[in-house]
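Colleague: Heads up: the protein sequence lines correspond to chains E and C, in order. The first sequence runs 1 to 341 under the numbering used here. The second sequence runs 342 to 1101 under the numbering used here.
Calculated from the structure, these hints are not laboratory results. You may find that some hints are simply not true.
To be verified - Which bits of chain C does chain E cover? Going by a derived footprint, with three or more residues having C-beta under 8 angstroms, they are: (1) 627-638; (2) 732-738; (3) 926-935.
To be verified - Think about it this way: if two alpha-carbon atoms lie no more than 30 angstroms apart in a straight line, the pair counts; the simulated DSS-like pairs of lysine-lysine are: (4) E/Lys188 / E/Lys331; (5) E/Lys259 / E/Lys295; (6) E/Lys188 / E/Lys155; (7) E/Lys287 / E/Lys136; (8) C/Lys850 / E/Lys287; (9) E/Lys284 / C/Lys850; (10) C/Lys407 / E/Lys259; (11) E/Lys287 / E/Lys48; (12) E/Lys136 / C/Lys850; (13) E/Lys141 / C/Lys835; (14) E/Lys310 / E/Lys295; (15) E/Lys318 / E/Lys148; (16) E/Lys318 / E/Lys188; (17) E/Lys284 / C/Lys835; (18) E/Lys188 / E/Lys113; (19) E/Lys148 / E/Lys188; (20) E/Lys155 / E/Lys331; (21) E/Lys318 / E/Lys113; (22) E/Lys310 / E/Lys282; (23) E/Lys259 / E/Lys282; (24) E/Lys148 / E/Lys136; (25) E/Lys194 / E/Lys318; (26) E/Lys113 / E/Lys268; (27) C/Lys850 / E/Lys48; (28) C/Lys835 / E/Lys287; (29) E/Lys282 / C/Lys835; (30) E/Lys155 / E/Lys136; (31) E/Lys287 / E/Lys268; (32) E/Lys136 / C/Lys835; (33) C/Lys850 / E/Lys282; (34) E/Lys259 / E/Lys330; (35) E/Lys194 / E/Lys155; (36) E/Lys159 / E/Lys148.
Even for Gly, the Cβ is constructed at its ideal location relative to N, Cα and C.
Each chain, written out:
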Amino acid sequence: MKIQLLRSAAAAGALLAGAGLAHADSLTLYCAADEAWCQQIKTGFEEKTGITVDMTRKSSGETYAQVRAESGNPKGDVWWGGTGDPHLQAAEEDLTVAYESPMRGELHDWAIKQAEAAGNKTIGVYSGALGFGYNKDLLAKNNLPEPKCWADLIKPEYKGQVQMANPNSSGTAYTMLATMVQLMGEDKGFEYLKALHANINQYTKSGSAPIKAAGLGETTIGIVFMHDAVAQTAAGFPIVTVAPCEGTGYEIGSMSLIKDARNPEAAKQFYDWALTAEMQSKAKDVKSFQLPSNKNAAVSELTPDLSTIKLIDYDFTKYGSSDERKRLLKKWDDEVSTLPQ
Amino acid sequence: MRHATQEYFSLHPTIALWVVVGLLGYAVLPWYGMDDNIFTLRWLFDGYPFDDDVAPALFLNLQGQKLWLAPIGLLLLGSFLLWGRRKADPAFGPILIALGAFGFGYLLLQGFAIGLKGWNWEVATALFGDLDDRQFGMGWGALLVAGAFLFLFTIGCAARGAVGGDEFVAGSIGFVIAVVGIFIFMPILQMLASAFVTQDGGYSAGTFASKLFSNRLWGISCLLGGPRCGAAWNSLLLAILVGVVTTALGLVFALVVTRTGFRYGALLRALTVLPIITPPFVIGLAIILLFGLSGAITQGLDAALGIAPSRWIYGFPGLFIAQALAFTPIAFLVMIGVVEGISPSMEEAAQTLRASRWQTFRTVTLPLMRPGLANAFLLGFIESMADFGNPLVLGGNFEVLSTEIFFAIVGAQYDQAQAAILALVLLGFTLGAFYAQRFWLGRKSYTTVSGKGDAGVHPHLPVPLRNTVYTIAALWTLFTLLIYVTIFYGSFVKLWGVDFSLTFDHYVKSFAVGWNDFGIHWRGAAWSSFWTTMQIALISAPLTAAIGLLTAYLLVRQSFAGKEAFEFGTMLSFAIPGTVIGVSYVVAFNVPPIELTGTGIILVLSFIFRNMPVGVRAGVASMSQIDRSLDESSLTLGANSWQTFRRIILPLLKPAILAALVYSFVRAMTAISAIIFLVSAQYDMSTSYIVGRVENNEYGIAIAYSAVLIFVMLAVIGIMQLLVGSRRIGRRGIEGDLSQSRTNVSQATVRPQTAISGGG
Chain E
1 MKIQLLRSAA AAGALLAGAG LAHADSLTLY CAADEAWCQQ IKTGFEEKTG
51 ITVDMTRKSS GETYAQVRAE SGNPKGDVWW GGTGDPHLQA AEEDLTVAYE
101 SPMRGELHDW AIKQAEAAGN KTIGVYSGAL GFGYNKDLLA KNNLPEPKCW
151 ADLIKPEYKG QVQMANPNSS GTAYTMLATM VQLMGEDKGF EYLKALHANI
201 NQYTKSGSAP IKAAGLGETT IGIVFMHDAV AQTAAGFPIV TVAPCEGTGY
251 EIGSMSLIKD ARNPEAAKQF YDWALTAEMQ SKAKDVKSFQ LPSNKNAAVS
301 ELTPDLSTIK LIDYDFTKYG SSDERKRLLK KWDDEVSTLP Q
Chain C
342 MRHATQEYFS LHPTIALWVV VGLLGYAVLP WYGMDDNIFT LRWLFDGYPF
392 DDDVAPALFL NLQGQKLWLA PIGLLLLGSF LLWGRRKADP AFGPILIALG
442 AFGFGYLLLQ GFAIGLKGWN WEVATALFGD LDDRQFGMGW GALLVAGAFL
492 FLFTIGCAAR GAVGGDEFVA GSIGFVIAVV GIFIFMPILQ MLASAFVTQD
542 GGYSAGTFAS KLFSNRLWGI SCLLGGPRCG AAWNSLLLAI LVGVVTTALG
592 LVFALVVTRT GFRYGALLRA LTVLPIITPP FVIGLAIILL FGLSGAITQG
642 LDAALGIAPS RWIYGFPGLF IAQALAFTPI AFLVMIGVVE GISPSMEEAA
692 QTLRASRWQT FRTVTLPLMR PGLANAFLLG FIESMADFGN PLVLGGNFEV
742 LSTEIFFAIV GAQYDQAQAA ILALVLLGFT LGAFYAQRFW LGRKSYTTVS
792 GKGDAGVHPH LPVPLRNTVY TIAALWTLFT LLIYVTIFYG SFVKLWGVDF
842 SLTFDHYVKS FAVGWNDFGI HWRGAAWSSF WTTMQIALIS APLTAAIGLL
892 TAYLLVRQSF AGKEAFEFGT MLSFAIPGTV IGVSYVVAFN VPPIELTGTG
942 IILVLSFIFR NMPVGVRAGV ASMSQIDRSL DESSLTLGAN SWQTFRRIIL
992 PLLKPAILAA LVYSFVRAMT AISAIIFLVS AQYDMSTSYI VGRVENNEYG
1042 IAIAYSAVLI FVMLAVIGIM QLLVGSRRIG RRGIEGDLSQ SRTNVSQATV
1092 RPQTAISGGG
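Work out the full structure, taking the sequences as your base and the hints as a guide.
Modeller: Structure below.
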């Protein structure tokens, strides 16, 4: 009996040790895109390399908060996806490390520009323009005109019909805030946001939630990135995507290597892989319609072509900096969110 | 100990044991807890014993590193001062106490003083100059040494005559105080401190005050026609209303089951268990699917009666409905114990004195229910305050504290101090409610059950009251059924709101299994969080039950100085909302000496200490039933207190064990408020995964996952019941179905009032 016990203990010990060795190659991925896409990336990399990927999906704001909170003792290796501002902010605060991937030759200019803005501490992996989408069934039912421009959204007939995310928790909504400031100037931009506030029925937590609510018929219009709206259409919801006539801002979904990470080699391997055409071409399979940063990556015909949309000259360095961000968010908190609706 | 009278030419055996444990920790096991040192043996192959990361303290010291650990080894060796001394020796106790207290204190001191970046305190830098070294979180080595010092200390106390000189009892008390101190008081205190920290790292009372009294918290502009009131008022209003309504509904159900001759009580109990084992936000979701702008009922009303659809459900009304639905069962479980426990003799006496049924109910029955009413209200109040899932789904623009705390931490304006301040306000409210409840109950006696014969029958309710009660219960039951049918149906619908064709897609997407070159691949998106959750829930449930019952044993069977403070300490976490626990754990355990964030251990610990009070309460209730003379005869026959506990008390405690096991298991599977802060890439929990899906409007997957969880929970609860078994007492049959055993949480068959009103 005793011998048997000892034997099984030894076997268990060996098993544990073996498990430990087998897990030697692992990677902790903080993914700030859609669940399906994050899952595809996780399983894709695992199948390609045999490296175990521990993936957490959170919004870009949450991920940034986590990376910052853990800076004394980082738990994550790579932070993939999510709008570029928090990545720039993290680079500015020295939470991420510089790396020049051999894949850079294959990338679009805007992806490289993003890297240069942050001293190579981040890089563009996809991009998408801001816009809005509406539920055409609800619109027809309420006899509302089709919105075409940003200016339409503040018309009184849309009162209680528009939903957007809270810029305090969502990178998408912050991009919208910064876009308005750049498009109209700060004073007029805030005038616009105040007028829009009267029409907003709810500020959601996550960036793409408004268009998903529109898909389910819980709101008529949702302000989101256009690729998110297109994805809803592709999923079968009655959503029409609009590129605002005045022009619009855009995001560069980015990727950064976390400083003092525990698996830096696997992280770099992931980084290079995430920039390949092969990997980026697969995004459309999970209904992610962003524009990939690798020039050779295949694109779905549904992906909104950035060249046909009127884009503003978005100043990522300025509006991605934490001081400017804090100032704008505080101003929005004090002047806009407190107004009656 | 029986050996205490023998003469020693060596160490006292218990002491020898702890010294060996301590030396094992100091000289053999890795001192620091790095990556995989805790759960795997990988460190054995990683350059052990010389490599810095995995070396035991002894090897570090021999290499001239981390010399501040050396005194710990010396102190351990110091226990050989006791060589040959007997327990009766006057120096025996004091030496042990000094060694243990000094060793434990020094261990903590060095842990807090030296962190990841050298000295943690500026005082130390000023005194000793810069320290060009750092240390990580404590590992197995440190843990064993800490345990050794602690128990040497308690043995010393016992030798000096504390708690009747019983080493087991002294050790147990020391152990409970140490873990409660480390895992409840320390995090809360650290969080308190972090409330004063400003954005740039300094301390400021001014910033603290301005944040504490900010308009966003306390604004009352909504009373004056403004847009909205402060989150603090919102939370308070919601919690009070939810507390009142759930208590009232709980009372109604308890009356239906016990006082109306209602035949399907078992069915009703089963139905009320359902919301408890449902991840709460799923209820919120079902409410949207029914009452949202495009919800089934909203659309139906529009078509049938022309009521224009609106978004009324988002905000206070939706939150209120969802929470009332989710928390009524808890109130019911509290109330039924009390209603059943009231002795019929009193009511019979009233009737004999010619009181009408109504008079009896109003002047005798109702006042005797006060402890139950107070406890049910308190539970509803705290649950509502801490509820996180429903406000996230249904909150709209109605801001409550629990979600505000979350936003303060995860929002773009990362502000831990703000979160800590909000948590303080929340804690203030719940502790306030806690004391208000005690004050209301006062010092009156609610005891109606004594050892004397008590064979009466409860009188039935007056007829008008009975009809009212029936109506309310029927409506609630219908509503609950509607919600659960929706949940179940929703998990099979392709795309709610657009495509109502039936499909298994959501289940496949979440729980598919596939193969790749490297073996079996759990392809479904939900597997990782599912296995983690099962693992964590199954580990934490028995631990919670164990520590809860041990504490209960100490409270009921032992008397020692400071027992009241001890009781308060162990019950404190009951009044602390999960959100606060979550935040304080992040604050306290992200950096050495105890570095736990990102591990599964922190999840297990948070569950143990969150759910411990229930184990304590269940244990206290059951243990008060067991006559002391049983223990005494065991002790007289020569057993020590540990043997008595294991052989006599434990078997009689089976219902309490089951209650604690089931409760902590269910909470581990369904809790969200604390763990949303504590999950990590490797240890993602079901509930946080589901919240993510809900947040992304992937309702199908969220609901399918929840449906699976509900069935898994039912299965596991059944298995636990089989494993624990029931106690066999000659007198009567015990424990029927599952709902019965859950009731035991609050329902001590003999003395329900103590079980419940002791709530503090």
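Colleague: Each of the hints needs a verdict: does it hold here or not?
Modeller: Cross-check of the supplied hints:
As drawn, the stretch 627-638 of chain C meets chain E at 4 residues by the rule of a beta-carbon pair under 8 angstroms; at three or more, the given contact holds. Three residues within the 8 angstroms Cβ limit are the bar, and the stretch 732-738 of chain C against chain E gives 3, so the coverage statement holds. Counting residues of the stretch 926-935 of chain C whose CB lies closer than 8 angstroms to any CB of chain E gives 3, so the stated coverage by that chain holds, three being the minimum. For the hint pairing lysine 188 of chain E with lysine 331 of chain E, the CA-to-CA distance comes to about 13 angstroms; that is within 30 angstroms, so the pair holds.
In summary, the hint linking lysine 259 of chain E to lysine 295 of chain E is supported, as the alpha carbons are separated by about 28 angstroms, within the 30 angstroms threshold. For a cut-off of 30 angstroms, the pair hint linking lysine 188 of chain E to lysine 155 of chain E stands: about 16 angstroms separates their Cα positions. With a CA separation close to 21 angstroms, the supplied pair lysine 287 of chain E and lysine 136 of chain E stays within the 30 angstroms bound. With a C-alpha separation of about 15 angstroms, the suggested pairing of lysine 850 of chain C with lysine 287 of chain E holds against the 30 angstroms cut-off.
Taking the CA atoms of lysine 284 of chain E and lysine 850 of chain C, the gap is about 18 angstroms. The hint holds against a cut of 30 angstroms. Proposed proximity of lysine 407 of chain C and lysine 259 of chain E is supported: the alpha carbons are some 26 angstroms apart, at most 30 angstroms. Restraint check for lysine 287 of chain E and lysine 48 of chain E: the C-alpha separation of about 21 angstroms stays at or below 30 angstroms, so the hint holds. At most 30 angstroms may separate the alpha-carbon atoms for a hinted pair to count; lysine 136 of chain E and lysine 850 of chain C meet this at roughly 29 angstroms.
Taken as a hint, the lysine 141 of chain E and lysine 835 of chain C pair is honoured in the structure, with Cα atoms around 24 angstroms apart against an allowance of 30 angstroms. Note on lysine 310 of chain E and lysine 295 of chain E: the hinted pairing holds, with a Cα-Cα distance of about 21 angstroms set against a maximum of 30 angstroms. Taking the CA atoms of lysine 318 of chain E and lysine 148 of chain E, the gap is near 29 angstroms; set against the 30 angstroms cutoff, the hint holds. The straight-line distance between the Cα atoms of lysine 318 of chain E and lysine 188 of chain E is roughly 19 angstroms, inside the 30 angstroms bound, and the hint therefore holds.
A C-alpha spacing of about 21 angstroms is found between lysine 284 of chain E and lysine 835 of chain C, which places the hinted pair at or below 30 angstroms, so the restraint holds. The suggested pairing of lysine 188 of chain E with lysine 113 of chain E holds, with an alpha-carbon distance near 29 angstroms, which does not exceed 30 angstroms. Proximity of lysine 148 of chain E to lysine 188 of chain E is assessed by CA-CA distance (about 19 angstroms); at most 30 angstroms being required, the pair is judged to hold. A threshold of 30 angstroms between alpha carbons decides the hint, and for lysine 155 of chain E with lysine 331 of chain E the separation of about 23 angstroms falls inside it, so the pair holds.
A distance of roughly 14 angstroms separates the Cα atoms of lysine 318 of chain E and lysine 113 of chain E; the hinted pair therefore holds under the 30 angstroms criterion. For the hint pairing lysine 310 of chain E with lysine 282 of chain E, the CA-to-CA distance comes to about 27 angstroms; that is within 30 angstroms, so the pair holds. For the given pair, lysine 259 of chain E sits about 28 angstroms from lysine 282 of chain E by alpha-carbon distance, which is consistent with the 30 angstroms threshold. With a C-alpha separation of about 13 angstroms, the suggested pairing of lysine 148 of chain E with lysine 136 of chain E holds against the 30 angstroms cut-off.
With a C-alpha separation of about 23 angstroms, the suggested pair lysine 194 of chain E and lysine 318 of chain E falls inside the 30 angstroms cut-off, and the hint holds. For a cut-off of 30 angstroms, the pair hint linking lysine 113 of chain E to lysine 268 of chain E stands: about 20 angstroms separates their Cα positions. Our distance criterion of 30 angstroms between C-alpha atoms is met by lysine 850 of chain C and lysine 48 of chain E, whose separation comes to about 21 angstroms. Taking the CA atoms of lysine 835 of chain C and lysine 287 of chain E, the gap is near 16 angstroms; set against the 30 angstroms cutoff, the hint holds.
Taking the CA atoms of lysine 282 of chain E and lysine 835 of chain C, the gap is about 24 angstroms. The hint holds against a cut of 30 angstroms. Straight-line distance between C-alpha atoms of lysine 155 of chain E and lysine 136 of chain E comes to about 18 angstroms, which keeps the hinted pair within the 30 angstroms bound. The straight-line distance between the Cα atoms of lysine 287 of chain E and lysine 268 of chain E is roughly 26 angstroms, inside the 30 angstroms bound, and the hint therefore holds. The hinted pair formed by lysine 136 of chain E and lysine 835 of chain C meets the criterion: a straight-line CA distance of about 20 angstroms does not exceed 30 angstroms.
Simply put, lysine 850 of chain C and lysine 282 of chain E have alpha-carbon atoms about 18 angstroms apart, close enough for the 30 angstroms limit, and the pair holds. For the hint pairing lysine 259 of chain E with lysine 330 of chain E, the CA-to-CA distance comes to about 29 angstroms; that is within 30 angstroms, so the pair holds. Among the hinted pairs, lysine 194 of chain E with lysine 155 of chain E is consistent with the structure: their alpha-carbon atoms are about 12 angstroms apart, no more than 30 angstroms. Proposed proximity of lysine 159 of chain E and lysine 148 of chain E is supported: the alpha carbons are some 16 angstroms apart, at most 30 angstroms.
Comparing the model with each numbered hint stated earlier shows that all of them hold.
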